[in-house]
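J.: Single-letter residue listing:
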Amino acid sequence: MMISLFGSFESGIIYALMALGVYLSFRVLDFPDLTVDGSFVTGAAVAALMIINGYSPLTATLAAVIAGFLAGCITGVLHTKGKINPLLSGILMMIALYSINLRIMGRPNIPLLNEETIFSKLTAFWQNLGLDSVFNPILGIFGATQLPRTWAVLIVMIFVTFTIKFLTDYFLKTETGLAIRATGDNKRMIRSFSANTDWLIILGIGISNAMVALSGSLIAQHGGFADVGMGIGMIIIGLASVIIGEALFGAKTIARATLAVIGGAIIYRIAVTFALRVDFLEAGDMKVITAVIVIAALVAPKILESRRDKKRRLRKREELTKRLAFENESGGVKSSAAP
Amino acid sequence: MLHLKNVSITFNEGTPDEKKALQNINVELKKGDFLTVIGSNGAGKSTMMNSISGSLITDVGDIEINGKNVTHMPEYKRAAFIGRVFQDPMAGTAPSMTIEENLAMAFSRNKKRTLKLGVNKKRRQLFKEYLETLNLGLENRINAKVGLLSGGERQALSLLMATFTEPEILLLDEHTAALDPARAELITNLTDEIVSKFNLTTLMVTHNMQQALDLGNRLVMMDSGQIILDVEGEEKQKLTIEKLLQEFQRLRGKKMESDRAVLA
Ligand SMILES: Nc1ncnc2c1ncn2[C@@H]1O[C@H](COP(=O)(O)OP(=O)(O)OP(=O)(O)O)[C@@H](O)[C@H]1O
Ligand SMILES: [Mg+2]
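Chains as they are written, first to last, in the numbering used here: chain A, 14 to 352; chain W, 2 to 265.
Isolated chain W, as found in the complex (with noise of 0.2 Å):
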């Protein structure tokens, strides 16, 4: 489904600010793989996940989504096929539209955008069925302006408005990191929820190891541009906090620094 080949980002080359923000990506997604990355700060998550969505752009390296070569894709036309939720719940809705019209633009992302009106009858009545699986008491609000939502609506809404379209791949770039603890939690079991109701192939950065552990199927450690490690199934299921930074220790000889880390 989607395909990483020897995938690298460099910044600032030929400048004393030279970071390699990515070296050499392998990754391989099957259809439905649910894959959590983790990793300390400045790991290349990030610069990961923009690359696929389109955008950065890769210095090598190619980018396949369902066999179709992407690589050189403007980041809109891939949009039609990638969903995203950012980290800043501001970012993934439009504050001075209702919580309709932002269904309605997110519901034409795979759609040629037409003359016709972004919210009908038909629609409303399918995007207020949308808004009660969220449990949040949105649908009774669908004429407000999104501005007015709390963190935890703003970013259950991004999350729907990113999902409902069924699109192939899914990116999560700690998307709960800016809430509460109690929201964050909420926002989490939703994902979960979302993601295998629409059997969507996700990716999700996270720097809270237990949620790392306990969603998806996979989960690769990321430091300094390179994957270090990449477990599947049930090696995965085994996998412990403890072990994760002993591994980590390991493969690097240095101790995890993560001043975002949550262990617990």
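With the rest of the complex left out, here is chain A (with noise of 0.2 Å):
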């Protein structure tokens, strides 16, 4: 079980560069966009190609991010320049891309268990500075008896995330970011101050698909394949990863938001992996099992707040009924609201 968490915690914060992703294409652009399904595994393809081909990881994942960003930027076009509405723009890049993935790697699937990813590369650096001997006595106090292969990846990758959350929320703050946010937010507003919203959403919804590109190259390093199929349903992991995030931990200022995200990618991950442990539920469930969290996370504040509201409601009026008893009684001041 202990494993099989950190399991769902290790790719969980690289799920979160996904998620962060479609945050800022759903929640800072507001623009739905369903390029992520593609641009995940163009990341993914892109990086595993250039990897079996001998190019250094490095240069590899850089070169996915890359692919992703063009990617984006396709699909902002398509919206911005070709007027075509934002759902049918990212199917389209969708549809797409999949061809495109296909003709990238040249087959359906290309594994890399043998090859050098980051993560191998990683691996190799911090067991000769054994560190994970520094990190396991920390699962034995939560009385693990089994340990995880390494720390590498969960440490590496929290830090990789953490920047990237950062640079995110240091980018929204700046001229350019806050022209980003007010073009999700108020596109003819921002126009009467100057903006070019066009370039902004194509620059945005490419940035956003840089993030989901890198994401499922990192995602390829880890599981050790790239697959044309490992992106259906993207969309729908990094949506709940948001608004699972939002709900959980809020979304008040942007820093909170992205981290709220962050966190959401990681429950995401950890939902799944208790949803497995079911015994009538298997692999082939993953798509139902994030539809009804997605479901159940939208649906559930909006249940919670009104019954919250109701019983606000309830208590007032216990309390005017109370009062009003108390007034007839003592044949006090007279109220209109009497019945």
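Source of the hints: derived by calculation from the structure; they are not laboratory data. Be a bit skeptical, because a hint or two may be false.
[To be verified] Listed next, with one range per pair, are the computed distances between beta-carbon atoms:
id: 1; chain 1: A; residue 1: Thr72; chain 2: W; residue 2: Gly148; range: 42 to 48 Å
id: 2; chain 1: A; residue 1: Ile171; chain 2: W; residue 2: Ala145; range: 31 to 37 Å
id: 3; chain 1: W; residue 1: Lys20; chain 2: A; residue 2: Ala288; range: 58 to 64 Å
id: 4; chain 1: W; residue 1: Lys78; chain 2: A; residue 2: Val147; range: 53 to 59 Å
id: 5; chain 1: W; residue 1: Lys20; chain 2: A; residue 2: Lys323; range: 25 to 31 Å
id: 6; chain 1: W; residue 1: Met2; chain 2: A; residue 2: Val312; range: 55 to 61 Å
id: 7; chain 1: W; residue 1: Met2; chain 2: A; residue 2: Lys323; range: 43 to 49 Å
id: 8; chain 1: A; residue 1: Glu332; chain 2: W; residue 2: Gly148; range: 28 to 34 Å
id: 9; chain 1: A; residue 1: Ser319; chain 2: W; residue 2: Thr16; range: 28 to 34 Å
id: 10; chain 1: A; residue 1: Ala288; chain 2: W; residue 2: Thr16; range: 57 to 63 Å
id: 11; chain 1: A; residue 1: Ser319; chain 2: W; residue 2: Asp231; range: 55 to 61 Å
Every value quoted in this text rests on a predicted model; they were computed, and no experiment measured them. The C-beta atom is built at its ideal place from N, Cα and C for all residues, glycine as well.
Build the complex from these two chains, which are given one at a time in their own frames, with help from the hints.
T.: In structure tokens:
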């Protein structure tokens, strides 16, 4: 159990990068971008292809990021210049990317098991330092009997994901970032302050998909393969992370919201891990589990709020009845609200 | 400063819905002119404002700002030297962003948007000073989301945002129409103050005739896409609402109909 929880943290923090990308398009730009399903795989495909062709994992990952950025930019262009509705632009790009990804890889699946990846390099470096013996006792405190293979991935990914989180937070406060946020908030207003909203949308969707592709390339290197189908439903997973995160941790400020999204991504992974331990559920049920989680995360806050509201009103009514009763008894002030 | 030359705009040309919204409009404003625009509903006032801002492209005719022909310049580029306040208080600000962030975006109007922080210490101080001039206490709420402000507060903020970078042209399209009388008066006074402080070349559309008479040094009346009356200076100061209405009737042979015209 401890090991699979550890695994959820590990993959959760990698998927968090994808979720941050989704946050940028869905929340900041108010652009429901479905390119994600395709660009996630594009990231994985580009990185995998380059790695098996002997490029360094770092170069491969960087190339993946650029490919994702370009894919996002095209979606942005379809919407702004082609005047195609956002959902449709994303879907078109997603479909097109399916074929493109297949072309990039040349086959539906590229295994990376015996290749040098960012993580294999890191792990080797990490083990040389002997750092696992520092971290493992921590798990021991929680009574873990089995210990994880290595801490390298988790620790480094926390570092990477948080660096990108802080960069995003900063970016969204810069002059350009403010204009991107306003584009999602009130296009007409920011245009009247001399901002080219078309360009900002293209840039924003580009950055969003760059993050998604980064996440895809890292997932491929972590999981040991790139597969043309690995992006199916990714957008829903991203959305689930955003919604769960916001519901649990709030989204008052940008910094808070991005933190919430990371938290949401991890919690989503944990939820899936638990769900898969239920006897009658199997791996193929993942998608329906995801759908249920998203629906629950969307509906639950509303139900909770309306219940809270109902309670509040009930309490007020009781207070009023009590007060009226008291006033009647004491024969005091006449209340116009009295029946 | 601003020159509209033979500007015409027709909507839905060649269909039964054809509407000549602007017909051969000629207006020339000098630096610092404050023009009030009145006219019945559908007269073409907003269309004229939108043709200046670039939200609408003219069918024929040219628009020059400061000697530069901007007829084919896209809206967002023109916005570098045109400030605008809309009728809808929701339209001029970004509701989910804070007051200081909104001001920062307005501050970038005539500058390149970079990767530097939009709000820094120096700017925050500057923004606070500007907010103080509104006398609404907004300087103490710079981190409040603009969506939480009242319509009047929002409109005051919009006005500040549209003006504090001293644009060459200020366009106000019924920017007090959605407010209650007290708030409307507050915004009207602020407008007067700010316009004279920065000596802004201003066009203001209003249905309030008294306001149109009180403010500015020049007044035009529009009807059916045409400017039918254009008075300036002393002549404008001598105008009264009755005279305006009489003049309209004389020129058009009909009574001025405007369901929103405020006569007093
Ligand atoms: N986009 C458009 N398409 C078709 N017709 C339009 C469009 N915009 C404006 N019109 C028409 O052009 C005419 C002028 O409209 P405009 O909005 O300029 O009037 P206005 O003087 O601002 O009136 P109001 O006082 O009601 O704001 C109206 O008859 C209007 O119906
Ligand atoms: Mg109008």
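J.: Does each hint hold? Answer for all of them.
T.: Results of checking the hints against the structure:
no.	hint	in the structure
1	A/Thr72 - W/Gly148: 42 to 48 Å	holds, 45 Å
2	A/Ile171 - W/Ala145: 31 to 37 Å	holds, 34 Å
3	W/Lys20 - A/Ala288: 58 to 64 Å	holds, 60 Å
4	W/Lys78 - A/Val147: 53 to 59 Å	holds, 58 Å
5	W/Lys20 - A/Lys323: 25 to 31 Å	violated, 51 Å
6	W/Met2 - A/Val312: 55 to 61 Å	holds, 57 Å
7	W/Met2 - A/Lys323: 43 to 49 Å	violated, 60 Å
8	A/Glu332 - W/Gly148: 28 to 34 Å	holds, 31 Å
9	A/Ser319 - W/Thr16: 28 to 34 Å	violated, 48 Å
10	A/Ala288 - W/Thr16: 57 to 63 Å	holds, 58 Å
11	A/Ser319 - W/Asp231: 55 to 61 Å	holds, 58 Å
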